[in-house]
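Q: Chain by chain, the residues:
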Amino acid sequence: MKPLLRVAVLVAVASLAVAGCSTQAATIGGSARTADPAGPTPSTGPTGTITVLAAASLQRTFTTLGERYEQTHPGTTVQFSFAGSSDLVTQVRNGAPADVVATADEATIRKLSAGDLADGWPQDFATNTLEIAVAPGNPLRIHDLRDLTARDVQLVTCAAPVPCGAATAAVERAAGVDLHPVSEEQSVTDVLGKVESGQADAGLVYVTDVRGAAGRVDGVRFAAAAKVVNTYPIAVLHDAADPALAASFAAYVRSDAGRRVLTDAGFGTPAR
Amino acid sequence: MTAQDGGPTTGRDQRQRRRRTTRPRLPVPWWLPVPAALGGLFVVVPVLAMVGRVDWGSFVALVTSPASTTALGLSLGTAAATTGIAFVLGYPLAVLFSRSTARWVGVLRALVLLPLVLPPVVGGLALLAAFGRLGLLGAFLDEHGLRIAFTTTAVVMAQVFVSMPFLVSSVEGALRVGGDRYERVAATLGAGPTRTFLTVTTPRVLPGIVSGLVLCGARALGEFGATLTFAGSLQGVTRTLPLEVYLQREVDPDTAVALALVLVVVAVVVIGVTSLRTRAVVA
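Chains as they are written, first to last, in our numbering: chain A, 1 to 272; chain B, 1001 to 1283.
Simulated from the structure, these hints should not be mistaken for lab results. A quick note: this is a predicted structure, and the numbers were derived from the prediction, not measured. Fair warning: there could be bad hints in the mix.
[Unchecked claim] Per label pair, the in silico range of CB-to-CB distance: (1) B:P1092 / A:A169: 45 to 55 Å; (2) A:T72 / B:T1064: 55 to 65 Å; (3) B:L1276 / A:P136: 38 to 48 Å; (4) A:E106 / B:V1028: 56 to 66 Å; (5) B:V1060 / A:A271: 20 to 30 Å.
[Stated by the list, open to error] Per the computed footprint, the stretches of chain A lying under chain B, defined by three or more beta-carbons under 8 Å from a beta-carbon of chain B, are: (6) 130-140; (7) 223-236.
[Claimed, not checked] Partial list, derived from the structure: chain A residues whose beta carbon lies under 7 Å from chain B: (8) S86; (9) G198; (10) Q199.
All residues carry an ideal CB built from backbone N, CA and C; glycine is no exception.
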């Protein structure tokens, strides 16, 4: 029993030491990576691969933008990772190997320190507003925010801590309406899903979500929505492996060609 | 040795007596502790690292906020209800599974244990398909004014779905290990099936039942995916502690970590208390 215990303790100490070493190795690898970018950049315009972290609500538009960018910039590959804006910010803070980040509101990207982002970023590239999503044909005849307070309407919204929930709270204040949702979801896609599946009668989602649902839900515009505009910022990360390529893609998103894709999906254009 | 033969004894007495009577320890291969220690560390280190992140200065304030206590209360209540329901429904299932040799029972068994390997979010989708407003049974229930979605009932249903298989497989294992000779003896002595079940089978597999209940309760306490998909998330109604942790993580990682620690402590207490009880029962 005793020698066995000694072996176990030895092993525990040894593996802790190993764990310590590997942490160091990772840090070294990380700093080597940031020193790297000057090397492989060719003079004829950026080529190579970049990784873009983007808000879940940008999934369709950014996938299209990535394909168009690759077509017009031969030799480039754009990889995406889509998640909730807060998750993206957490990933960047924890050193995720990424080059560009685009979030669904300004408050979220502000959680990144100046040291996380390259100089001159973030910059706004799109706006979005809320709309009421209802079952196709609007069977409950919902025409305004006030209609959502009726007792037999099962309303679903985003929870206050996530960007779409903050927008929902602002809209409630602007319209002077007190909503009582049956569920406060963690993401706008969860809200849309509950309306699409018929679990809920109505949900507050972005205009772009309704358009993206392609007929599975109908959108109902309401007056107060225009008073609460969400602005989407994009930024090149300080640790981008290839800052030139990263800046080139971010500029493409903000170019006229990029704007067109975004506008087609229902996004608005931010004031310059 | 049973608990009865020594009169009233404490757990410590029993353990000491047991230690004296145990046979010499069977030697293990010399290399075995290496992977064992790595395995242990892999689980322990992240938990300790999380504890290290806790902001103790504001811990009490974070944990006792109304949102936190409501979520904790809801979690404990639903997990307790789930464990009770899983016992009433799952124990008979386990008995049937362990007694039957029919092939279709084998198939049924595989289906019932499916949630063990299914991602919980898929379980949530399955529950929606059955009990959602437009679901197989849900549409019928809705017509009769019974709405399950977005209620605490939905939370318990999601938890039962994912955690009952733990109880079933644990109890079934205990039933198979012991064989059925005591039951057969009881039958020859004239005891009916119900009496044999209650006075022979149940006491015999009690440790298996207890550990099954613990596993089931712990799994229910941690349930997240199926709840989020099927029940939604509303403070005091459907937002259990894991959902609150996930939500708080968005804005306030300190609160999320503090709540996560509460969840860990509750789980450790549940497992600790019941494993002591189990030992007392086994001894």
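Q: Hint by hint, say whether it matches the structure.
A: Going through the hints against the structure:
{"no.": "1", "hint": "B:P1092 / A:A169: 45 to 55 Å", "verdict": "holds (48 Å)"}
{"no.": "2", "hint": "A:T72 / B:T1064: 55 to 65 Å", "verdict": "holds (57 Å)"}
{"no.": "3", "hint": "B:L1276 / A:P136: 38 to 48 Å", "verdict": "violated (57 Å)"}
{"no.": "4", "hint": "A:E106 / B:V1028: 56 to 66 Å", "verdict": "holds (59 Å)"}
{"no.": "5", "hint": "B:V1060 / A:A271: 20 to 30 Å", "verdict": "violated (46 Å)"}
{"no.": "6", "hint": "130-140", "verdict": "violated (count 0)"}
{"no.": "7", "hint": "223-236", "verdict": "violated (count 0)"}
{"no.": "8", "hint": "S86", "verdict": "holds (4 Å)"}
{"no.": "9", "hint": "G198", "verdict": "holds (4 Å)"}
{"no.": "10", "hint": "Q199", "verdict": "holds (5 Å)"}
The structure does not agree with the numbered hints 3, 5, 6, 7 stated previously, though it agrees with the rest.
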